[in-house]
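Asker: Start from the sequences, fold in the hints, and give me the full structure.
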Amino acid sequence: MSFLALTGQILRKDFRIEVRSREGVNTLLFFSTLLVFLFRFAIGSTETQVREAAPGLLWLAFILTGLWGMARTFQVERENDCLEFLRLAPGDLGGLYLGKLIVGCCLMWATELAILAMFGLFFHLDMWPVIGSLIPVLILGTVGFVAIGTLFAAITANLKAREVMLPLLLFPLMVPILLAASRLTDLGLAGDSLWAEAHWLRLLIGFDVVFVVLGYLTFPFVMED
Amino acid sequence: MDRLARILGVGAGVLLAIGLWMGLVQAPPDAVQGDVQRIMYIHVPSILTAYLAFTVVLVASIAYLLRGSRGWDRLAHASAEVGVVFTGITLATGSIWGKPTWGVWWTWDARLTGTAVLFLIYVGYLMLRSVVDDRDRAGRYAAVVGILGFFDIIFTHMAVKWFRTLHQASTLEKGAIDPALYLPLMVNLGAFVTLYIYFLLRRVRLGTLEEAVEAEVLGG
Amino acid sequence: MGPWGYIGLAYGIAAVALGGYRCSLGVRLRRWRARLDRAAAGRAEDVP
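Residue numbers (the numbering used here), protein chains in the order written: chain A, 1 to 225; chain B, 1001 to 1220; chain C, 2001 to 2048.
A portion of the hints provided could be inaccurate.
Incomplete in silico selection of chain B near chain C, CB under 8 angstroms [as the list claims (entries may be wrong)]:
| id | residue |
| --- | --- |
| 1 | R1038 |
| 2 | I1039 |
| 3 | I1042 |
| 4 | I1089 |
| 5 | I1096 |
| 6 | D1133 |
| 7 | L1195 |
| 8 | A1212 |
To spell it out: a stretch of chain B is covered by chain C in this simulated footprint if at least three of its residues, at any positions, have a beta carbon under 8 angstroms from a beta carbon of chain C; those stretches are [claimed, not checked]:
| id | region |
| --- | --- |
| 9 | 1028 to 1037 |
| 10 | 1197 to 1210 |
Because the hints were derived from the structure by calculation, they are not lab data. Please read all numbers here as calculations on a predicted model, not as lab measurements. Built from N, CA and C at the ideal position, the CB exists for glycine as well.
Answerer: Take a look at the structure:
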């Protein structure tokens, strides 16, 4: 079985679980609603404060919900003792990584769109006119985040201290994404072209390529036992 | 190995003493910054040594994943620990240098921030090692983090540079430094690198001992 | 604090960190050597 076949199987399995239980999307949505509420209370009430803080807060919300989403991708497998069987899957385990990467990205994108809508609603930001320039940022930023997040979630899934270790390992590596994506989001919200600061775009693309490749190459060593 | 370490230890001590004298006494004060600039003689060598240490972590991690020999893993672990010590020194001396130069102990300057991230990544690396009981597994997990962390730092440095920078240009960039300050810097760099190799050998030895004890207890 | 105060502080912290790490390595090495000796001695006793 080629590695893409394994990727396809994982995709089918995880999407079926999600469609039947809706556990991931539901909890992520509820969690992100709470976050947006808390953010709004925390930053004060004037519209300029809100507008200035919005890009950073948006990405903070994505990363915090994403942290939970990442932890979940491998916890479901561990709880049902499925990791042992996944490990024995025929073919290249990198395919398993790609499958989990795609599942994670889709889950994140869905949540991110919902968070955007809530930001628009609660922060009085008109998202419709700028959505076209925000979507590329969401796509690029999320791939890099999930590329590392999936790998580290697989590492920490087996640890006793996994709740602490995952953010401890993951957050420092997210600094480039957080800086690049919130800067680009700021441009997007202001209605400017993302190409005005193309170096940030190039950084995000480079980050995504490097870490997806590294994740694909190192994932089999994480699963080995 | 023990004898080599001892020789290196003595050598590092001698070089450090010479470097200390050159940096504090022999070198002239900086034309712009005055005497405070003498902090550079430990600040710059310690960050360069830390980069060397983390490059060794990268190479040893890749070698461990490909070959699976315990020696590479012990080398990676040792180098990461020593690298964290040198990164800590860089942060502390940088912060102290920042106070008289910029007026604050901490600023969100690009290099300072980048170095702080570097520190956090490898502290995480060491913590991960400490929470995994099985040595081979800890080695594999840590190797993955060591490899990703190294590449991430390259991106972090780019990102924080565009984010904001106050820091003077890199000391070793051409023309940035007077020859009278260059020699003391090089001597100190030599001292720090020797010290690094000395620490590395000792730390690897410690790792070997730990594994030998484990083997005795389990095998005996 | 004058320039030499900052210099003293920086060099002092570096010296404490490096010296401290050296001591920590020394202590740990000694402890594990002793453990190894004990483990080896224990095994020698077990085997008649």
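Asker: State for each hint whether it applies.
Answerer: Hints, verified against the model:
1. R1038: holds (5 angstroms)
2. I1039: holds (5 angstroms)
3. I1042: holds (5 angstroms)
4. I1089: With a minimum Cβ separation of about 5 angstroms from chain C (threshold 8 angstroms), the hint on I1089 (chain B) holds.
5. I1096: Cβ of I1096 (chain B) sits 4 angstroms from chain C, so the hint holds.
6. D1133: violated (17 angstroms)
7. L1195: holds (7 angstroms)
8. A1212: Interface hint status for A1212 (chain B): holds (6 angstroms vs cutoff 8 angstroms).
9. 1028 to 1037: Since 3 is at least three, the answer is holds.
10. 1197 to 1210: Coverage by chain C holds for the region 1197 to 1210 of chain B (7 residues, Cβ < 8 angstroms).
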